[in-house]
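Using the sequences and the accompanying hints, generate a full structural model.
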Amino acid sequence: MRAALVGIDFNVGDFKASLEELALLARSAGAEPVTTITAKRNSPDPAYFVGSGKADEIAQACLADKVEIVIFNHALSPAQQRNLERRLNVRVVDRTSLILDIFAQRAQSHEGKLQVELAQLQHLATRLIRGWTHLERQKGGIGLRGPGETQLETDRRLIGERVKMLRTRLTKLRKQHETQRRSRGRNQTFSVSLVGYTNAGKSTLFNTLTKAGVYVANQLFATLDTTSRRLYLGPDVGNVVVSDTVGFVRELPHQLVAAFRATLEETIHADLLLHVVDGASPVRMEQIEQVNGVLREIGADHIPQILVWNKIDAAGLEPGIERDEYGKISRVFISARSGAGLDLLRDAIAEAAGSRAAVPDADEQEGEEAGFAHADLLPATPHPGPH
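Residue numbers (my numbering): 1 to 387.
Since the hints were made in silico from the structure, they are not lab data. It cannot be assumed that every hint is accurate.
[What the hints assert, rightly or not] Capping the alpha-carbon separation at 30 Å, the derived lysine-lysine pairs in DSS-like fashion look like this: (1) K164 to K113; (2) K54 to K66; (3) K54 to K16.
So, in structure tokens, the structure goes:
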């Protein structure tokens, strides 16, 4: 599908990096960007977001390049989206809808599909209700109550019932995860969650550490469903559970954060977060802050964190470890693809697990509730050797 990308520079953040990410998102969704239209504004236009003149420019570009879909790098209001589609005569998609579409394509597990559907319905509900507001004025009086109002109420009710059912199912799954966490807590299993910006190399690192065989691709949100595996770290530490979680991205839609709370709780209940960073990315510091922002939003910002500086081969760096002023490991430099520095990372995890085991009472009690691992994904017997 031939796509036109539209980005408006509001002098916030790295505009060029944001546009490059939009192109990656578009390709991940199956679109092929053929043209990019940019502009500078102080604030969005209420009717078209970009202004009527720029809307006409986009329309001309659509005709010239035979564009089938226009993708905005911003969240559009229902009215703005509707006005743009009428003016451009092509389908218009905003950033939120694009990410939701990618998530819908990537979800494989039953839980992942439920979470995506819930997010999509919540997003659709706002557009459905606002889109029909002109019919809501038809109130009272014989002959004045048109079919539009009835249809609106029917659609509202159907969406509401489906959302309620999905939330009930996800609540049930959440309780199952809590049961699994308690079981692991009794065994005092140390849990590690991989977090990071999408496409930073989390799944590659996960596969290299655990030999899991998780799908890896050079695209955004290649994997959505959380996978957990045991990792043997020697006789002193034994087994730890490592979980690969969904990647984060700037301006991650709130509907997705809310819907994926059950999956993201893998992160909330972990004993240690390995924050995987694309060391070769020019906007890595901004990406780190975006991930930390989502961690704050889901209540996982208090969990000990080690920055895993990945792709050092592309960044021209050497494997190594950095410690903070308290002597704790703060950063490990590795290459998940070549395996450089992975022994240092294993040592860092073992050190964190050992220090946690040495802390009694309150911290240990919190550890009983830490992390979950899908039972069907865990090997029945521990790995007796290094990975």
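Status of the hints after comparison with the structure:
no.: 1; hint: K164 to K113; in the structure: holds (15 Å)
no.: 2; hint: K54 to K66; in the structure: holds (18 Å)
no.: 3; hint: K54 to K16; in the structure: holds (19 Å)
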